[in-house]
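Visitor: Listed below, chain by chain, are the residues.
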Amino acid sequence: MSRTRSEERSGWLFVLPFTISMMLFFVFAIVRTAYYSFTDFDLFEAPSFVGMSNYTALVSDELFLLALRNTIGFSLIVTTTQTVLALALAVLVNHAVRARGLVRTVFYLPSIMSSAAMTLIFLWLFQRNGFMTAIVSVMLAYRQHILLFLVGMAALHGALVLNARRSYEGVSIFDPFFLLVAAVGALALAVSCALAGLLSVFDNNLPISWLNTQRHFLFMPVTLWSVALMNVFTTVPTLMLLFLAGLQSIPSSLYDAAEVDGANAFQRFRHITVPALRPVTFAVVTMGVIGTLQMFDQVAILGDAAPLASRVTLAYYVYENAFPEGASSRIGMASAAALVLGILTITAVYVQKSLGVKEKGE
Amino acid sequence: MMASTPAAKVPPLRRRLPAGALRRRQLAASAWVYLTFLVVAIIMAGTFVLAFIASLKVDPLERPFRIYFDQLNPAAWIAAARLGQEGAGDALWGGLAPGAKVDFSVTYAAPADATIVEPRAEVPRRRPGSGIAAALMRHYAADYASIALRSSSAATMQARDEKGIRQGWQTRTFVYEITYRTDRQNGPWIERTPLNLTAPTSQILIDSPISPSRSERRGRLLSWDNITPGALGLIFNNYRRVINETADLQTGKSLLGSWLGNSLVIATGRLVLTLVVASLAGYALARLKFRGSRLLFAAALFSMTIPAQVTFVSNYLIFRDLSLLNTPWSVIVVFVASANVLLMKQFFEGFPREIEEAAIVDGANRFQVFCKIVLPNAKPALLVNAILAFQGAWNDFFWPLVLITSPPEALTVQVGLLSLRRSFGGAQGDWGLVLAGAFISIVPVVILFVLFQRHIVSTQFAKGTQ
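Taken in sequence, the protein lines are chains A and B.
Per the numbering used here, the very first residue in the first sequence carries number -3; after that it's consecutive.
Per the numbering used here, the very first residue in the second sequence carries number 25; after that it's consecutive.
These are calculated hints, taken from the structure and not from any lab test.
These figures come from a predicted structure and were not determined experimentally.
A few of these clues could be false.
To be verified - Residues of chain B placed beyond 12 Å of chain A at every Cβ, according to the derived structure:
hint: 1; residue: E86
hint: 2; residue: D137
hint: 3; residue: P148
hint: 4; residue: A172
hint: 5; residue: R208
hint: 6; residue: T225
hint: 7; residue: T292
hint: 8; residue: I379
hint: 9; residue: P431
Said to hold, decoys possible - Only some residues are given here: those of chain A computed to face chain B with a beta carbon under 10 Å:
hint: 10; residue: L20
hint: 11; residue: V23
hint: 12; residue: A25
hint: 13; residue: S168
hint: 14; residue: A179
We treat Cβ as the ideally placed atom computed from N, Cα and C, and that holds for glycine.
The following block holds chain A by itself, in its conformation from the complex (with noise of 0.2 Å):
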């Protein structure tokens, strides 16, 4: 009995240091955030109550309508891409058994950079007469050399592929070696072309705005686009990393035995890799629905770089109302936006698990 009680109180004191931070510092304050939400409240002037004037004035705001779109989109989008590339790179790099050891170290430096660092150089690579925009550049200058190689390849590797079924069964559609060899000769063919000057070289000198722009591609604008690329850039190497572990603790007898029962390569990852990888995967969209829907740092280092309309998401949106420039602070607002943010982000926390668990159930 006495055992029970000092265990219970040394139990206390052991969790008292983080217990008090958790209080402090997250427990209170989203009380304290909800009970602003209903206030007016300038960081300075003792907080008025107003009712739900603050969320009726969040629903009538063009710009946090436009921020919770953005958001929304910008969530979507990264966190299906990067899941879906990481786990085919994983399933990739599984297969090159000798470049492993590498990839654990090339893959890694992105995820240990600061999201700073990371956007500084992101946004040097997406500067107007940047490198990303040269790369552009020569792509659509040599575009009559990227179409031939492309239909090339194609042609070269459906003869092959239709020449060998005549004789062969149980040659693929995708067969590795005719599209190796289809490869070798596109590319053979482009390059000679090249050479001998046979297909025009398109001049191009345009400035392309990645990043200061009011432009928008489909629902999203193309200011988000571009850190949408640089976030799948830096999150994919360490989602890959988990999407790894996971495919090494597979057994590699369950592939065997798909095998001899006959089931192909798409099969056997349909009905073995995915299964197996659930709870990996179910970790990787959880961290990715997290970390997009709080997306802050990129858009605040963007700054003045580009337009506010292009770049706003909710939590900068709640950032902004808290400590805007060259005006006072609207606590209300933020308080009322970052609620609507916390909620948004476990409802999508939720909803994703209890997927997973239905799934899990068929």
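Following the hints, complete the assembly by docking chain B onto the known chain A.
Guide: Showing chain B alone in chain A's frame:
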């Protein structure tokens, strides 16, 4: 190719692929794997390599993008070392000091029918860049250096014109001597010696120890930012500039230096605090039965999903009311170490109970057990936590942005990068400084990563296999 061999005999029935062809397919498949892998690795690592190369350039935005320029050219390093040695007796970092006698030779070329005139040479009063340091600069090389033509010699060379026809061109080499004026021998050490050469556009500069930094007025005016750089001063010019030119107007101290110091203090502080909090709480959650432990665990999980933007107003006010805003303490303390607690909990759960229980039977209390038995055996987990805490605190952007806003030297390096971008990455487009700042800021975490790579990667792996 295997498809062409049977085409001659055209067998009536389709056969299975022969063993050799299957083997070829396996090889081709792994060739694709490694090819794709190579492409991805080039994209990943290439971005950083390119950005680093660009960070050495005078103008990182130059088009076309060259990867061969003075900063990557050993011949220019040697020339820069000689110039630095002659300028200030410092082959590494250069400068201009009393007693300097610097030989700087330039060679111009022109078609045979034109004449090559002596370029007008001067050491201009030029400020370095556009940053705050320009206002702090007190000594100009122009006030202390004198420049004179020492000799010139003519020669001829063969050049091809646009049509590829060889032509005889004449060349002339001018050797200038830049000296520290003898009447001002008590003058100061000066960091850089700029040089302007003005010559008609008909003559072209074909050789100089180090390339001009800029060419203006259609090549009429060639200007060097510093002709006495020293080898490292040449290569890491942007790095030196970002340290010197982000200076505080009052004290003249480097802001980047104090930002790095602040970040180090904050990251170390948070590391210590995190280790204490997380090991205690992690142990209690893993081992001890007490009321509320499940609730605390749930709260820890929950707190990891809530963005900092939800809690920052209240936390900002807490530190304002305590007058701790703009101090490192606020950023050290504000962190809720949920992830670290959960990591420690997980480690302690896999820790054998027997030893502890034996110690408790012997009459030791929980805290003694924790300090004497548990902690010494938890070194791997503590190390991983320390690394994660340090890295997280070093890379943190949001809390320092909110809690430390002034004075400029109180910022952390990440927020400092934002102000770097504002002051250099805007209209001036001085991207060399911005990139140099970014690369300096990642040095500590890269060192940490190199030292403890195994531990960090295995933690990620452990997370994945859970």
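Visitor: Take the hints in turn and mark each one as holding or not.
Guide: Going down the list of hints, with the structure as the test:
1. E86: violated, 9 Å
2. D137: holds, 33 Å
3. P148: The claim holds: P148 of chain B sits with its nearest Cβ about 28 Å from chain A, beyond 12 Å.
4. A172: Check passes; 40 Å lies beyond 12 Å.
5. R208: Since the minimum Cβ distance to chain A is about 41 Å, R208 of chain B lies beyond 12 Å and the statement holds.
6. T225: holds, 23 Å
7. T292: holds, 17 Å
8. I379: holds, 17 Å
9. P431: Given that every Cβ of chain A is farther than 12 Å from that of P431 of chain B, nearest at about 17 Å, it holds.
10. L20: With Cβ-Cβ at 7 Å, under 10 Å, it holds.
11. V23: Hint on V23 of chain A: holds, closest Cβ of chain B at ~7 Å, below 10 Å.
12. A25: holds, 4 Å
13. S168: holds, 9 Å
14. A179: This interface hint holds because 9 Å falls under the 10 Å limit.
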